[in-house]
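Fit chain B to the known structure of chain A by using the hints.
If you want the building blocks of each chain, they are given just below.
There are 2 protein chains.
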Amino acid sequence: MSDIVYFEDIQIGETHSFGPHNVSREDVVRFAAEFDPQPFHLSDKAAAQTHFGSLSASGWHTAALCMKMMVANWQQNPGIQAASLGALGIDELRWLRPVRPGDTLRGTSETVEKKASRSRPEMGIIKTRVTLFNQNDEPVFTMNPIAMVRTRPV
Amino acid sequence: MSDIVYFEDIQIGETHSFGPHNVSREDVVRFAAEFDPQPFHLSDKAAAQTHFGSLSASGWHTAALCMKMMVANWQQNPGIQAASLGALGIDELRWLRPVRPGDTLRGTSETVEKKASRSRPEMGIIKTRVTLFNQNDEPVFTMNPIAMVRTRPV
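Those protein sequences? They're chains A and B, same order as listed. Going by the numbering used here, the first sequence runs without a break in its numbering and finishes at 826. Going by the numbering used here, the second sequence runs without a break in its numbering and finishes at 826.
Take the hints with a grain of salt, since some may be wrong.
Repeated chains share a single entry, so a pair holds when one copy, or any two copies, can fit it.
When the alpha-carbon atoms are kept at most 30 Å apart in a straight line, the in silico BS3-like pairs for lysine-lysine are as follows [claimed, not checked]:
(1) K740 - K787
(2) K786 - K740
(3) K799 - K787
(4) K799 - K786
(5) K717 - K740
(6) K799 - K740
Because the hints were derived from the structure by calculation, they are not lab data.
Same shape as in the complex, but just chain A (with noise of 0.2 Å):
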């Protein structure tokens, strides 16, 4: 039996957990100073004079972790990863909330739509809905990623 998960074996309404991932101040101030320098997401100084309060992770930042404990996920269980042939792009991506040093992201996906491909028999595309969690089981973001995965070799 394969490791290998083609478009044929994945399940609507299936779900996997990544994660936890605890985010870090130097981290945050990280990754805003390389590419998403707005003063809000360097210091508690600077956000303290806007809407944010305090500091907050980019919003780019909490993507990009949302990627990390992905793939960390798929690395240490290889039996779940599909034959992708890459994504397409990302639906509905929204920040709920503000994610703060010292919070502890985790995350859930779930298969909502499969979709073979009449063009292209040797792929199919698999829409699926993600969602970090905070520590406190808040949603702080969620996105719905467009990917291609290959069908079964016949």
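Coordinates of chain B only, in the frame set by chain A:
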């Protein structure tokens, strides 16, 4: 006259350009190692065994570089930055082509929708259409950010 751009000041069809940014091999590997350590984002050798063919940037790195260029543009041209109350999220994020080490990215954004808030008169919702191009003027990445922007104080 104030530099602050309120909801009322933003016009549908308004466009801005940002970048360029040169994507280095070192940055591609460093980002992937931290957030997306799939082998095809870490070495040409591993990528050659996949549909990518050679090393390509994590899609989340491309997204983060887009933010980096947009923030730099706002900070260099404070007269164009809206009085943002934060981003709600992103619709229709798409990775259209691989981003490779050595690519030079640049971007454009266009205001595509304005929606006043009935329940919160102090803000409105602005939707933009963002596109990144490579040095061959090929689109590599698109997304539609949704932001909350302050209305002019009465």
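Do the hints match the structure? See the list:
no.	hint	verdict
1	K740 - K787	within (26 Å within a copy, 35 Å between copies)
2	K786 - K740	within (24 Å within a copy, 34 Å between copies)
3	K799 - K787	both (9 Å within a copy, 29 Å between copies)
4	K799 - K786	both (6 Å within a copy, 29 Å between copies)
5	K717 - K740	both (29 Å within a copy, 22 Å between copies)
6	K799 - K740	both (19 Å within a copy, 28 Å between copies)
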